[in-house]
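Work out the full structure: start from the sequences and follow the hints.
So the chains spell out like this:
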Amino acid sequence: MDLYGLFLEKLAELASAENLLIDGLPKLVKAATDGELQTALGKHLKETEKQAVRIVDVFGSLRVKPERIACKPMVALVADGARAAAVRPVGVIRDLAILSAAQRVENFEIATYFSAISLAKTLGYGDAANLLVENLQEEQRAAEHLKKIGKALLKQAQSEACK
Amino acid sequence: MSGGGLLRNDGKKMTPTAASESSTGLKTRIHKPLNVEASFLNPPTPITGVENFYIRDHFPLPKIDPVAWRLKVGGAVDKPLELSLADLKAMAVATHTCVLECAGNGRLFLHNVPEGVQWGLGAAGCAAWTGVRLRDVLALAGVKAGAVEAVFQGADHGVADKQFKPKGEIHYSRSLPVDVGMRPEVLLAWAMNGDALSSAHGAPVRLVVPGWYSMAAVKWLTEITVVERPFLGYFQTVEYTYWAHRAAQGDGLPPERIPIEELLVKSQIAHPVMHQEVLAGETCRVHGAAWGGGAGIAKVEVSTDRGATWHGADFDGAPEDHAWQLWHWDWKPSRRGKRGLMSRATDAKGNVQPSQHDEDHESYMIHHTVSIPVEVV
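These protein sequences, in sequence, are chains A and B.
Numbering-wise (the working numbering), the first sequence opens with residue 9 and increments by one.
Numbering-wise (the working numbering), the second sequence opens with residue 119 and increments by one.
Careful, some of the hints might be misleading.
Subject to a maximum C-alpha distance of 27 angstroms in a straight line, what follows is the list of computed DSS-like cross-link-like pairs (lysine-lysine) [to be verified]:
#, chain 1, residue 1, chain 2, residue 2
1, B, Lys280, A, Lys155
2, A, Lys159, B, Lys280
3, A, Lys155, A, Lys35
With beta-carbon atoms standing in for the labels, derived distance ranges [to be verified]:
#, chain 1, residue 1, chain 2, residue 2, range
4, A, Ala119, B, Glu477, 19 to 25 angstroms
5, A, Val64, B, Asp183, 39 to 45 angstroms
6, B, Glu477, A, Lys38, 44 to 50 angstroms
7, A, Pro34, B, Pro164, 53 to 59 angstroms
8, A, Lys159, B, Ala466, 55 to 61 angstroms
9, B, Glu477, A, Lys163, 39 to 45 angstroms
10, A, Ser123, B, Thr427, 30 to 36 angstroms
11, A, Lys163, B, Leu350, 31 to 37 angstroms
12, A, Arg71, B, Lys280, 43 to 49 angstroms
13, A, Ser123, B, Gly430, 37 to 43 angstroms
It is worth saying that the hints were derived from the structure and are not from the lab.
By construction, the Cβ of each residue, glycine as well, lies at the ideal position given by its N, Cα and C atoms.
Structure below.
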């Protein structure tokens, strides 16, 4: 496989990852009890829907039909998130488990976008690189927001533990 | 996204990616805030029309009523002013043609993934700007003897993007040393190519600093504050800065973080576009533009073998100090296969485009020679 083939593989992986999240995120939104976490996940679900469309646009800019593959790491991460929500009772610990699952998803996506963008840049595909950067920036902002929510949830968990 | 039907010089269809890269008009790279890339030098005219001029915003587009708008001039001046657009237009009018280039233009050609828009070739344009000389406005206000800089604030505001940022919202603002502000070509412009400035390009009035990267060309200008110390705002110290090695000047100090100022000498290839197919045995006109900080372009060379050998290009038209210099070179490729086309400019002071990006410039001031991949078929 050449560089271009690897790039297409990464794109297909990202397309699958975003679609898996579109299916998986609603369960986390529903399971979250903290209002801010629920809002953040809901907002990111809407962003994820737009991101999936942008990836279709990336394939369009290359005039290539996307190959349908399953992004195995994302299959596992989404399943892990669902399990985190299902096995714990309602409360701050469950919210922290959901948050942790969401953060892992974000970090995986950020890393995958970084490699896809590097390949797009090396190959000189400006349109593709910029569409992917737009997605990357949304993922980075979402990760930053989750970090802030995490601090508040940890404080809450700490104060509940001291009661 | 462009259609797939663009034609090559010989009338045949371009490869899809080449068609995408060469499509005319503007491409939105980031929607909020608006960042729009142009198709470089397409059409290949000395003056870039507003419809083909890139847009670089940092915050949401401000809403300004041009009738109610006032420019405040204050700080270390004898007579603080509040000027309307009519007041400015009543002063001596000047027009100057110059290149505006975003300091991050060419980021696509850096191998890492730096923050920000991955501009390719299209965050640069050359326009004729009309307005009043900044020095005339400063003279009206009377700059005090101890003044060192003037700070220019735009109406655009929001929360800054980087990790190291002040709390809350800030306005876009940059400063100029007073001596630079006194240059006759520095304008408070209300017109671009003879038409009223559009909102996207900073109406009613923007600063234009010929020979400097365009972060200096503050849009939607509302305030000029003359200061007696260097201004250390966010866009002066966090964004639009780089590591400068001034040890060569003899003071022996370590690298210093300083604000970006003058344009570095640069040339870009407009045609062929990336991934374009060119025909073996037929003449392909390689053309583009070169510019710099105002020293004038002395020569442009073209390489078809990724910089191993260079050929002198011809200039189109007479040079103007801050405008870009169009150039061309006719290439008749014989060997089929993939090639990397490069161009290299030298200015009148002997500054040459380097072969590598200076890492101390980080994701700014990208002026090294880049390879444009094409295929000879």
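We went through each hint and held it up to the structure:
no. : hint                                     : verdict
1   : B:Lys280 to A:Lys155                     : holds, 16 angstroms
2   : A:Lys159 to B:Lys280                     : holds, 20 angstroms
3   : A:Lys155 to A:Lys35                      : holds, 20 angstroms
4   : A:Ala119 to B:Glu477: 19 to 25 angstroms : holds, 23 angstroms
5   : A:Val64 to B:Asp183: 39 to 45 angstroms  : holds, 41 angstroms
6   : B:Glu477 to A:Lys38: 44 to 50 angstroms  : holds, 48 angstroms
7   : A:Pro34 to B:Pro164: 53 to 59 angstroms  : holds, 55 angstroms
8   : A:Lys159 to B:Ala466: 55 to 61 angstroms : holds, 56 angstroms
9   : B:Glu477 to A:Lys163: 39 to 45 angstroms : holds, 41 angstroms
10  : A:Ser123 to B:Thr427: 30 to 36 angstroms : holds, 35 angstroms
11  : A:Lys163 to B:Leu350: 31 to 37 angstroms : holds, 34 angstroms
12  : A:Arg71 to B:Lys280: 43 to 49 angstroms  : violated, 36 angstroms
13  : A:Ser123 to B:Gly430: 37 to 43 angstroms : holds, 40 angstroms
Of the numbered hints listed earlier, the single one contradicted by the structure is hint 12.
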